[in-house]
Each structure stands twice: as C-alpha cells, then as structure tokens.
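Dock chain B against the given chain A, drawing on the hints supplied.
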Amino acid sequence: MDSTASSSPPSPLPTSPPVARDLGAVNWRGLWTLYAKEVRRFLNVSTQTILAPIITSLLFLAIFTLALGRTIPSLGSVSFAEFLAPGLIMMAILQNSFANTSSSLVISKIQGNIVDLLMPPLSPSELTLGLACGGLSRGLVVGLSVGLGMWIFLPIGLYDPVFVVFHAVNASLMLALLGMVGGIWSEKFDHIAAVTNFVITPMSFLSGTFYSIERLPDNWQLIALLNPFFYLIDGFRYGFIGHADGSLWVGALVVLTVNVGLWTLVHRMISTGYHLKP
Amino acid sequence: MEPNPSLAPRSFGRLNGRGLWTLIYRDLRRYWKYGVESIGGPIVSSLLFLAVFVLALGGQGEVGGGLTFVQFVAPGIAMFALMHSGFFNGAAPLVHDKHEGMIQDVLSAPLNAFEVAAGYGLSATLNALVTGIAVLAAMTPFVALPLGQPLVALLFAVAGAALFGLAGVLIGLWADKWDHYSAAESFLILPLGMLSGAFFPLDGLPALARTLILFNPAFHVIDGVRYGLTGYAAWAPGASLAILLIADLALAWLVWRLIAVGYKIKP
Numbered sequence: 001m002d003s004t005a006s007s008s009p010p011s012p013l014p015t016s017p018p019v020a021r022d023l024g025a026v027n028w029r030g031l032w033t034l035y036a037k038e039v040r041r042f043l044n045v046s047t048q049t050i051l052a053p054i055i056t057s058l059l060f061l062a063i064f065t066l067a068l069g070r071t072i073p074s075l076g077s078v079s080f081a082e083f084l085a086p087g088l089i090m091m092a093i094l095q096n097s098f099a100n101t102s103s104s105l106v107i108s109k110i111q112g113n114i115v116d117l118l119m120p121p122l123s124p125s126e127l128t129l130g131l132a133c134g135g136l137s138r139g140l141v142v143g144l145s146v147g148l149g150m151w152i153f154l155p156i157g158l159y160d161p162v163f164v165v166f167h168a169v170n171a172s173l174m175l176a177l178l179g180m181v182g183g184i185w186s187e188k189f190d191h192i193a194a195v196t197n198f199v200i201t202p203m204s205f206l207s208g209t210f211y212s213i214e215r216l217p218d219n220w221q222l223i224a225l226l227n228p229f230f231y232l233i234d235g236f237r238y239g240f241i242g243h244a245d246g247s248l249w250v251g252a253l254v255v256l257t258v259n260v261g262l263w264t265l266v267h268r269m270i271s272t273g274y275h276l277k278p
Numbered sequence: 001m002e003p004n005p006s007l008a009p010r011s012f013g014r015l016n017g018r019g020l021w022t023l024i025y026r027d028l029r030r031y032w033k034y035g036v037e038s039i040g041g042p043i044v045s046s047l048l049f050l051a052v053f054v055l056a057l058g059g060q061g062e063v064g065g066g067l068t069f070v071q072f073v074a075p076g077i078a079m080f081a082l083m084h085s086g087f088f089n090g091a092a093p094l095v096h097d098k099h100e101g102m103i104q105d106v107l108s109a110p111l112n113a114f115e116v117a118a119g120y121g122l123s124a125t126l127n128a129l130v131t132g133i134a135v136l137a138a139m140t141p142f143v144a145l146p147l148g149q150p151l152v153a154l155l156f157a158v159a160g161a162a163l164f165g166l167a168g169v170l171i172g173l174w175a176d177k178w179d180h181y182s183a184a185e186s187f188l189i190l191p192l193g194m195l196s197g198a199f200f201p202l203d204g205l206p207a208l209a210r211t212l213i214l215f216n217p218a219f220h221v222i223d224g225v226r227y228g229l230t231g232y233a234a235w236a237p238g239a240s241l242a243i244l245l246i247a248d249l250a251l252a253w254l255v256w257r258l259i260a261v262g263y264k265i266k267p
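Those sequence lines, one after another, are chains A and B. Heads up, the first sequence is in my numbering, so the first residue is 1 and it goes up one at a time. Heads up, the second sequence is in my numbering, so the first residue is 1 and it goes up one at a time.
Just chain A, same shape as in the assembly (with noise of 0.2 angstroms):
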C-alpha cells in the first residue's frame, strides 16, 4: 500500500456508468451453468440415481424372465429376456427423466432457491432448454448404464442403431418435459409423488413393458395404442430386435408431436410464471 492511495478516499460513483452487460441472442455461459447444476445434482448421488435403477431393472429382468419365461411363446427367434430387455432398459429412462426435472423444480420451489432460476438472465426458453437437457442426460446416461448391466447376462444385439438413438432421446426428452410440467404444478411433495404414482407408472407399466401388445384383447389394443409411452418402447425395441408391434412412422410422429407439443406448454407456463413467480 503505497500513502497516495490510502490518503485519496475512494471516488464514490463508478467513473463510467453502468452499462447492461450484453449476452447476446443467447446466453451461453448461463444455460451452461444451469445445465451443469442439473447435471452435477444426479451424479452427486449416482449410488441412488444410476446404480439403483441398474439393480432394480436387472432384479425386474430377473423375476419376469422366472415367472414368465417358460409359458411365454417365443417371437420367432427372441426369447422373451431379450424381448423384455429394451423394454425394461426404455422404463429406467421413462423414470429417471421424470424423476430429475421434476424433482429439481419441486426442492427449488419448496426451499425458495427457485429464485435463482428465475433471477438470473435467463430468458424461459434458455430455462426450459437448460433444465430439459438436464433430464434429457440422466435418461440416457441411466438407459446405457442399464443396457451395459444387462448386457453382462444376456446377448443384446443391435438391429437398427438410428431407432434406439432417436428413441431414447426423444424419451428422455419427452419426460425430462413432463417432470417439468408436473414439477412446476406441484406445490409440495405430495402432489408430484401423486403423479408419479397415479399417471407415470402406470403409463410406463401398461405400455407394452413386459408383452407384446398382440396379446391384448381389441379395446385394450385400442387403449394401448392412445398411450405414447407405447410407441417410445415399441420404436426402441425394434431398434434392438428388429421388430414392431405398431407402425413405425406413426410412432416417430406421435412421438415428436407430443414432443414439440409439451416443449410449448413449458415454455409457456415458465413465461407466464404459473406456479413460479407470486
């Protein structure tokens, strides 16, 4: 410290004015952030948000390979294990997309830290891009987790890449997108684990998980075919065993429909602040 500086006292005003910082069109360095923090959330806990769901497929494989195996015909030549494998792999995406998004948004607003989303320069659709490629990554980082676990019991071939690919990353994203609707819907805990357990899970169970829809009776054939989490399953078990119980291109646009459709009602409820902002 040399005596000129400490003698001046400290000019109270900036000598120039302050002046908004300029992020440009999009904020790079702000959805990076975010992204990362919704990231770093799940692999903080990876013992509960990668391994369990692992064990918990594998033990699902385990028990319906036991109770079903023998009595279930084969389809031409997969066994019903490898039938059930991408089905069981696609639930562990369907669950844990949900399960990030939806639970970032519920903690946030329960202990008030929402305002940090909604403080910072982020405009809604650098929010709903930031939280729902947050989802987007646990899904694909617990489906390929899963599929590895499983790939340790049983032969998984791949018939068609692209299928599984555009699949499972329109899975993790269509969930990553509902978490984020029931999450900003949700005023306790409560209310989310009530669609978890009343809407999720059940969609994922009775979306042709565990059989082939052929199986069904007409009405539910009829009702199954309404359920788009039927075509994310039906669409990424052909890309592992080369077949299909429904139309393939009437899945790909479902899938994107429904996509596009819930990417604007997020957006959409971020700008308008329903159930964030007082």
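Just so you know, the hints here were simulated from the structure itself, not pulled from any lab data.
Subject to a maximum C-alpha distance of 27 angstroms in a straight line, what follows is the list of computed DSSO-like cross-link-like pairs (lysine-lysine):
{"#": "1", "chain 1": "A", "residue 1": "K109", "chain 2": "B", "residue 2": "K177"}
{"#": "2", "chain 1": "A", "residue 1": "K277", "chain 2": "A", "residue 2": "K109"}
{"#": "3", "chain 1": "B", "residue 1": "K177", "chain 2": "A", "residue 2": "K37"}
{"#": "4", "chain 1": "B", "residue 1": "K33", "chain 2": "A", "residue 2": "K188"}
{"#": "5", "chain 1": "A", "residue 1": "K188", "chain 2": "B", "residue 2": "K98"}
{"#": "6", "chain 1": "B", "residue 1": "K266", "chain 2": "B", "residue 2": "K177"}
{"#": "7", "chain 1": "A", "residue 1": "K109", "chain 2": "B", "residue 2": "K98"}
{"#": "8", "chain 1": "B", "residue 1": "K177", "chain 2": "B", "residue 2": "K98"}
{"#": "9", "chain 1": "B", "residue 1": "K177", "chain 2": "A", "residue 2": "K188"}
{"#": "10", "chain 1": "B", "residue 1": "K264", "chain 2": "B", "residue 2": "K177"}
{"#": "11", "chain 1": "B", "residue 1": "K98", "chain 2": "B", "residue 2": "K264"}
{"#": "12", "chain 1": "A", "residue 1": "K37", "chain 2": "A", "residue 2": "K277"}
{"#": "13", "chain 1": "A", "residue 1": "K109", "chain 2": "B", "residue 2": "K33"}
Chain A regions said to be covered by chain B (calculated; three or more residues, Cβ under 8 angstroms):
{"#": "14", "segment": "50-63"}
{"#": "15", "segment": "189-200"}
{"#": "16", "segment": "213-220"}
Backbone N, C-alpha and C fix where the C-beta goes; we use that ideal spot for every residue, glycine too.
Leaving out everything else, chain B in the frame of chain A:
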C-alpha cells in the same frame, strides 16, 4: 411443610402404557395423514403388477398345487407391498425425527428403551398390516383366492410385518440421512422382496438358487401367507414360522439394545 404433590415423580407402574400408546398413535396418524401415498400408492402399483401378469399370460398357466399363475402370484404381490410398507414405516419416522431434531421429544419423555423400541416397532407393524390387507382386498375382485386358513395367513403376515418393521427401525437408527435410507431400500429390501418367490414358482429355479432362497426371510413370509390363503406351500410352513419368530425376537432384542445404548440417537 408437605411437598407439593404435583412435584412428586409420577408412577407409571411397570409399563408406561399411555406413553407407549401415544408414541404408537403418533405414527399411525402420520400414516393416515399421507393415506393417498401410503395406501393408494401400493394398491395402484400392486394392481399394475397383477395386470401385467394377467395381460401377459391371459391369466393362464398352471403352477404347482392346481393353482393358476394369478392365484399363485396375488398373495406374493400383497406381501411384497406389506414388507416394503413395513420397512418404510419403520425407518421413515426415525430418519425424519432424527433429521428434524424431534427425536429429543421421544428421548426426554418418560419412556424406557423397551417402550421406545416397542413404540416404533409396533406402529410400523400395524401400518404394514393395514397396507398388506388393503392391497389384498383390492385384488380380490380380480383373483379368486380359496382363503383356506385365514388365521394362519394373518399370523405369517404379522410375523413378516414385524420383521420388516423392525428392520426398518434398525436402518432408521443407522441412517444419518435420507440417502442412507434409499441405499438400504434399493440394495437390500427390494432385492430381498423381489427374489423371494413372490413372483415366480421355485420349480423354475436351479437347485442352488432353491437352497439360497431359504436364507431369505421374505421367502418364509410369502410362502406361509400363500399357504394360508391358497393351501399351497413350497416349503414347510411350521419351520418357516419358527424361523420368522426367531428372527423377529432377535431383531427386537437388537433394536431394544441399540436404543438402550443410544446408538446414533444420543450424543
């Protein structure tokens, strides 16, 4: 001068019955307060399991003892819900009380270690029984169960509810945070419950697995309840009951001793 009678120590007799009931009643109230999740959740997920088995199989397929597969699996699904609920209702109140600091209210109340252990253990047992019976009742419109010896089934259900309730209390004492609870649930309770013969008959298993499954207490709960409800048992029900009662007593003793020494609940 006469001592003020209100300052004399209160006499509770050998057992502080009112204190014990208050502790039990508090956790029964907690259970009912979240009834949508604590009863509605297991009912929905159990019916989904049943639906998947019925839809995938068309309700067909014979298992040993002349049962259809759905008759075989329904008691297993109900007991899976009961055991899971017992574990949750044993562990969650303790983890919650420790986390929020409310465990002090229990420790400073005139309850001895036995009464505290009995309070947490019995409330978990009762809550688990309610869940199990509700799930079984919800399945009866879809499955015809002969209900041969309902009291035998109830006895096994009580033994299983107490076992998993006490296991929950044990995990609740040990867990420092919810992560620990989740880890115990994912890596201990779910594997025990799923690999217990609840969902598949034993004759499909390799010989080694058929021996190993006898070391899983959940197998004995499910096999005994299934025996009471359908008359079909894969192993000896009498021996199963003896194993369960011994395990119940051992766990109850362990929980009692841990609470008496204040393991992870007293500074």
